[in-house]
Amino acid sequence: MRNLTKLNLLSRSAMLSVGIIAMGFSSMAMAGEATVALPASELGATSYDPIRSSNLNAATSLIYDRLVEQDADQSFHPHLAVSWEESADGLSWTFKLRDGVKFHDGEVFNAETIASWIPDFKDTENAFLVAAIEKVEVVDPLTVRFVMSRPEPNLLYNLASTFMGIPGQKSYDSLGEDYGVSTAVGTGPFKLTKFEIGLETVVTRNDDYAWPSALSTNQGAAHLETVTFREIPDQSTAFLELKTGGIDVLMGVPTDFLPILKAEENVGVITMAGTGISYMPINTTSAPFDDIKVRQATALAINQKAILESVYKGVGSQANHFLIDTLPAGDVNPKLLVSFDAAKSKALLDEAGWAMGDDGVRMKDGAPLQVKLFTKNDSDLKRLTQVVQAQLKDVGIDAVITVFDSSTIRDEYKKNNHQLAVRSYDWNNSDILEWFFSGTRLGYPNVSMWTDEKSEMLKDAAMTKSSTSAERIANFKAYHEHLLSQHLFAPLYQPAQNIAFNKDTVTVPDAIRGPRFRSQTFVDIDVVK
Amino acid sequence: MILKYSIQRLLMIIPVSLAISVVIFLIVHLLPGDPIDNLIRVGSSPEDRIALTAKYGLDQSLFEQYFLWISQIMTGDFGQAIVLRRPVADLIAQNLPYSLQLGGLAFLFSSIVGLILGIVAWASQKTWGEQFVKGFILLGSTVPGFWLALLMILFFAVNLGWFPVSGARDWTALVLPVLTIGFGGIALVARVTRVALLEVGREDFITLLHAKGLSRPTILFRHLIPHALLPVVTILALRIGWILGGAVTVEFVFGRPGLGSLLIRALGQRDYPVVQGSLLMLALAVMIGTLIGDIAQAAMDPRIREATK
Amino acid sequence: MTSAVWNKLSGFAPFRAFSSAIGIVAGGFLILLLLVAFFAPWITPFDVAAQNLANANAAPGWPHIMGTDEFGRDVFSRVLYGARTSLSVSATAIAISVSVGMLLGAAAGYFGGLFERAVMTVVDLTWSFPDILIALIFVAIIGPGLTSTTFAIAIAYLAQFTRLTRAQIVRLKSETFVEATINLGATPAHVVLRHLLPNALAPVIVVGMLAVGDGIVLEATLGFFGLGAQPPTPSWGAMMSSGTAQLFISPWVIIYPGVAVAATVIAVNLFGDELVRALDIRDRVRS
Numbered sequence: 098m099r100n101l102t103k104l105n106l107l108s109r110s111a112m113l114s115v116g117i118i119a120m121g122f123s124s125m126a127m128a129g130e131a132t133v134a135l136p137a138s139e140l141g142a143t144s145y146d147p148i149r150s151s152n153l154n155a156a157t158s159l160i161y162d163r164l165v166e167q168d169a170d171q172s173f174h175p176h177l178a179v180s181w182e183e184s185a186d187g188l189s190w191t192f193k194l195r196d197g198v199k200f201h202d203g204e205v206f207n208a209e210t211i212a213s214w215i216p217d218f219k220d221t222e223n224a225f226l227v228a229a230i231e232k233v234e235v236v237d238p239l240t241v242r243f244v245m246s247r248p249e250p251n252l253l254y255n256l257a258s259t260f261m262g263i264p265g266q267k268s269y270d271s272l273g274e275d276y277g278v279s280t281a282v283g284t285g286p287f288k289l290t291k292f293e294i295g296l297e298t299v300v301t302r303n304d305d306y307a308w309p310s311a312l313s314t315n316q317g318a319a320h321l322e323t324v325t326f327r328e329i330p331d332q333s334t335a336f337l338e339l340k341t342g343g344i345d346v347l348m349g350v351p352t353d354f355l356p357i358l359k360a361e362e363n364v365g366v367i368t369m370a371g372t373g374i375s376y377m378p379i380n381t382t383s384a385p386f387d388d389i390k391v392r393q394a395t396a397l398a399i400n401q402k403a404i405l406e407s408v409y410k411g412v413g414s415q416a417n418h419f420l421i422d423t424l425p426a427g428d429v430n431p432k433l434l435v436s437f438d439a440a441k442s443k444a445l446l447d448e449a450g451w452a453m454g455d456d457g458v459r460m461k462d463g464a465p466l467q468v469k470l471f472t473k474n475d476s477d478l479k480r481l482t483q484v485v486q487a488q489l490k491d492v493g494i495d496a497v498i499t500v501f502d503s504s505t506i507r508d509e510y511k512k513n514n515h516q517l518a519v520r521s522y523d524w525n526n527s528d529i530l531e532w533f534f535s536g537t538r539l540g541y542p543n544v545s546m547w548t549d550e551k552s553e554m555l556k557d558a559a560m561t562k563s564s565t566s567a568e569r570i571a572n573f574k575a576y577h578e579h580l581l582s583q584h585l586f587a588p589l590y591q592p593a594q595n596i597a598f599n600k601d602t603v604t605v606p607d608a609i610r611g612p613r614f615r616s617q618t619f620v621d622i623d624v625v626k
Numbered sequence: 380m381i382l383k384y385s386i387q388r389l390l391m392i393i394p395v396s397l398a399i400s401v402v403i404f405l406i407v408h409l410l411p412g413d414p415i416d417n418l419i420r421v422g423s424s425p426e427d428r429i430a431l432t433a434k435y436g437l438d439q440s441l442f443e444q445y446f447l448w449i450s451q452i453m454t455g456d457f458g459q460a461i462v463l464r465r466p467v468a469d470l471i472a473q474n475l476p477y478s479l480q481l482g483g484l485a486f487l488f489s490s491i492v493g494l495i496l497g498i499v500a501w502a503s504q505k506t507w508g509e510q511f512v513k514g515f516i517l518l519g520s521t522v523p524g525f526w527l528a529l530l531m532i533l534f535f536a537v538n539l540g541w542f543p544v545s546g547a548r549d550w551t552a553l554v555l556p557v558l559t560i561g562f563g564g565i566a567l568v569a570r571v572t573r574v575a576l577l578e579v580g581r582e583d584f585i586t587l588l589h590a591k592g593l594s595r596p597t598i599l600f601r602h603l604i605p606h607a608l609l610p611v612v613t614i615l616a617l618r619i620g621w622i623l624g625g626a627v628t629v630e631f632v633f634g635r636p637g638l639g640s641l642l643i644r645a646l647g648q649r650d651y652p653v654v655q656g657s658l659l660m661l662a663l664a665v666m667i668g669t670l671i672g673d674i675a676q677a678a679m680d681p682r683i684r685e686a687t688k
Numbered sequence: 313m314t315s316a317v318w319n320k321l322s323g324f325a326p327f328r329a330f331s332s333a334i335g336i337v338a339g340g341f342l343i344l345l346l347l348v349a350f351f352a353p354w355i356t357p358f359d360v361a362a363q364n365l366a367n368a369n370a371a372p373g374w375p376h377i378m379g380t381d382e383f384g385r386d387v388f389s390r391v392l393y394g395a396r397t398s399l400s401v402s403a404t405a406i407a408i409s410v411s412v413g414m415l416l417g418a419a420a421g422y423f424g425g426l427f428e429r430a431v432m433t434v435v436d437l438t439w440s441f442p443d444i445l446i447a448l449i450f451v452a453i454i455g456p457g458l459t460s461t462t463f464a465i466a467i468a469y470l471a472q473f474t475r476l477t478r479a480q481i482v483r484l485k486s487e488t489f490v491e492a493t494i495n496l497g498a499t500p501a502h503v504v505l506r507h508l509l510p511n512a513l514a515p516v517i518v519v520g521m522l523a524v525g526d527g528i529v530l531e532a533t534l535g536f537f538g539l540g541a542q543p544p545t546p547s548w549g550a551m552m553s554s555g556t557a558q559l560f561i562s563p564w565v566i567i568y569p570g571v572a573v574a575a576t577v578i579a580v581n582l583f584g585d586e587l588v589r590a591l592d593i594r595d596r597v598r599s
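Chains as they are written, first to last, in our numbering: chain A, 98 to 626; chain B, 380 to 688; chain C, 313 to 599.
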């Protein structure tokens, strides 16, 4: 122990002298400070107003607390609500609230807060989160009851979302539309001190914080005094910042950098299960994909194992259906799983009348099997798309890539100009099926352009006609299985979340709780002393 | 004479900017896609989408939308960003200082170094000095900015650790971007200076000064350089658009905010009011810059000045 | 070669540009590059699109003398093929720009008046606007791909040639031979097309050639932003864009295409300078 301290001291003084030579050229973690680079998927937040905003980042979770917290295994845990109870018919939920919780501005958190907060969602982009709540009743100062218009087994999931972080009602009501731009008041472990849109967000410790959830080890105020969240648009730049000491934590490390980071002695890498998949929707209205055999053959041409191993170096996992592994609705009939089978793919194409031509491209009635393959201008997807292109080529499908910006590609989908596309989503709930396959959203987000009576019926059952959680899972599973049987897409890959940190400056707990790297972990992060 | 000319030109800006506003509006609305898709999230219904479209007035005819926008502009209101959700004027005001800092410093840097190199090249005609400067000029004007930026990061930020890789925290973060942009500018200024000196040197009055027996340095510093400055000032004025919005690539590589980045980001998200507002502002800056450049040229032209003496 | 033929050739200005050492080296390099660009599909040692993921990011060595990229594709082959993409996009774009610019400029210069004012206002404005912004906005409107990149570059440089041509025409208009032709009863179109444009041609062509260099840089920049050539077609810019993330893993993926761009543009500029000297049009090129 003693030796260790000595060694530590030595290395610290060595670092100090380097620091003096560098004369402030590189920013090193100072006492209680940490700089975090947000992942690409969390860039571009426009405000810290959880109710009206449609784009929130990790910093939001530090400013606000939620009633409940979700763990990575989809289980729910108390936070500002200490316990809850759902009535047998699913039409009423009662929450007991934690005592002694205060907002950053001193306002007391209680049942009245909830009663005034829920109605604020009306007419906002996030209204759907509370759509099933008819009214909120204050039972006593620390008990609220939600009266539901229909059973909503997904309520806890919604309550755990970043968008349901609870803002201080006084501040929220008095600032109106300006709320969240320079002032944001929550009960969270950190207070917003500076927000420069698109550049950085600085939060400082809430010293009164005494109510972390059980997902954190630290049960008091956070260790860090200040956290700076930087938005670095180019992921390789962010990677270099970590390497040169410009940042301490890099959320969302691109897989290509993992081998290099793992080789660095002073870099710690945490790999968490992902919250989405990459997939290739198939436009079912565009010939030759109106033929289900061609669709199945296309999906079977994708070698998920090769993608995982050579493109992602084994980090993450294979995707064989539409949902992430932790969702029970993904537990479908094994016969329906999509996985690489070149022989079957070729046989199906032969059956469909597409015979192999001389140049390796299949032909039918004198026309080659040439199809459009769209993707977004995002370096990770572009890479994946080129590998998909090569795999399709192997079974005789000539896919021509076009790379669009995100707005143009949606326009192309809506105009039905597409055939195949490489896309990804980030959402850890089964209702993503409805988002991408509902007949009411043909073109975009329903890129597969799929609609049939049975799907719509199964979708309605899953979305609004389930009264218990178990029933909801069964309904989504049935919906999922039907979609799989129609070969509407090819699953490609299930990414992992990779977080890297500088071991010389910060300590991060080994086990990360929750589906994402959020406040429950940030209160445990400390600087190296 | 110059005053009348300036006022005339200044008045011209009004009709021209109106015409430009129409073009900008059409360009922006010609872009495929719309901003609403950037606002809706998983779980919202198609009805929510329609409501949002109406909320931002995007369901009205283009004609109505244009008049709404231009009448706002007339009252000095740039409107509210749709995706970025704040006044466009605030967004421009937030990004402008970064662009001015980077563009201004880069211009200052390239002007000074370019002038010196231009003078060196002129003074050392037909020697290795001239060849060296010419080579440098060539290199500076040929290397793609983003490539130079990447190499600078690799060398100065990663290997040597002298400067931060990205961001805009303090002055150290400015060094590499300024060098990257400035390097390209040096070439331009040096070339213009050298040619201007060659030309002025041929003028009769310089020959006259030589004949009067003035020393070479006196002629250089008192007469030649002031005259050679003219084209440099003119370029500064004419290049105002480049200074404000031309650093997109370098801003992207260094993760710096700025008008160019704001514009490109808003363009990608189809945030119409922001794209329109920042393009119109750039166009106005360009017109005023051109005007100043022209007036400066007219006012500082040695021939005109000599004639009015 | 007989001396008679040589005399005739050396009387032809572009050949005089080869009379200096710089001209020979730069010109030779350009000719070589043109040959490579033309024959690229047949001379690349490896298939430019063939992936070999097992051999991704291999350092330069044998047989991949410039290493391989993230898909295990041969960088040398892709640099060679990239010459084809970059040169054809840039040259086509500048050719369009020169033709349209000359017509606009000539019309403006010849007719003068309100038409000239209108054209020149637009031209001055776009000339002062950063070319990358013009190109980025244009590509956003008409969509990605080589064709749209070509048009975007053409539009970005249109102003330059319009200005230049107009300046030439205005200068020539005052010369006596033009006045004489007009007095002899020639139509405006005849005067512009038969007398003014041919005289204004040389400087515009030379500036156009120099602009091909700028066009290559702009094409590379658009490629860096992921616009332009669609994968797997190699272009120098696109190669560097997929290489950004790779700066650390495999710097050769970025370095070589960058060197190719720089070398080409330097050669274009050097040869252009020699042409200017050979044609003796220095005063007319600057404007």
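Hints in this document: simulated from the structure, not taken from any laboratory. Model, not experiment: these values are computed from the prediction. Heads up, a few of these hints could be off.
[Said to hold, decoys possible] Not the full set, but computed from the structure, chain B residues with beta-carbon under 10 Å of chain A:
1) Leu418
2) Gly422
3) Ser450
4) Ala460
5) Leu470
6) Ile471
7) Gly540
8) Val632
9) Gly634
10) Pro636
11) Gln648
12) Arg649
[Unchecked claim] From the derived model, a few chain B residues whose C-beta atoms are all more than 12 Å from chain A:
13) Leu397
14) Asn474
15) Ile532
16) Val544
17) Arg548
Yeah, the Cβ is synthetic: ideal placement off N, Cα and C, and Gly gets one too.
Any CB of chain A closer than 10 Å to the CB of Gly422 (chain B)? holds, 5 Å
Take the shortest C-beta to C-beta distance between Val632 (chain B) and chain A; is it under 10 Å? Hint on Val632 (chain B): holds, closest Cβ of chain A at ~7 Å, below 10 Å.
Least C-beta distance from Arg548 (chain B) to chain A larger than 12 Å: Check fails; 7 Å does not lie beyond 12 Å.
Using 10 Å as the Cβ threshold, decide whether Gln648 (chain B) counts as touching chain A. holds, 7 Å
Cut-off 10 Å, beta-carbon criterion: hint that Leu418 (chain B) touches chain A: holds, 5 Å
Non-interface claim for Leu397 (chain B): all C-beta distances to chain A beyond 12 Å? holds, 28 Å
Does the claim that Val544 (chain B) lies outside the interface with chain A hold up, using a Cβ gap greater than 12 Å? Violated: least Cβ distance 4 Å, not greater than 12 Å.
Under the criterion of a CB-CB separation shorter than 10 Å, is Gly634 (chain B) in contact with chain A as hinted? Holds - the Cβ of Gly634 (chain B) comes within 10 Å of chain A, reaching about 5 Å at its closest.
So, Ser450 (chain B) near chain A? Judge it on the closest CB pair being under 10 Å. With a minimum Cβ separation of about 22 Å from chain A (threshold 10 Å), the hint on Ser450 (chain B) is violated.
Say whether it holds or is violated: Asn474 (chain B) keeps its Cβ farther than 12 Å from all Cβ of chain A. violated, 9 Å
Chain A versus Ile532 (chain B) - minimum CB to CB distance exceeding 12 Å, so not interface: Nearest chain A Cβ is 7 Å from Ile532 (chain B), so the label is violated.
Please check whether Arg649 (chain B) passes as an interface residue: C-beta within 10 Å of a C-beta belonging to chain A. Given a least distance of 5 Å, the restraint on Arg649 (chain B) holds.
Consistency note: the structure conflicts with the earlier hints numbered 3, 6, 14, 15, 16, 17.
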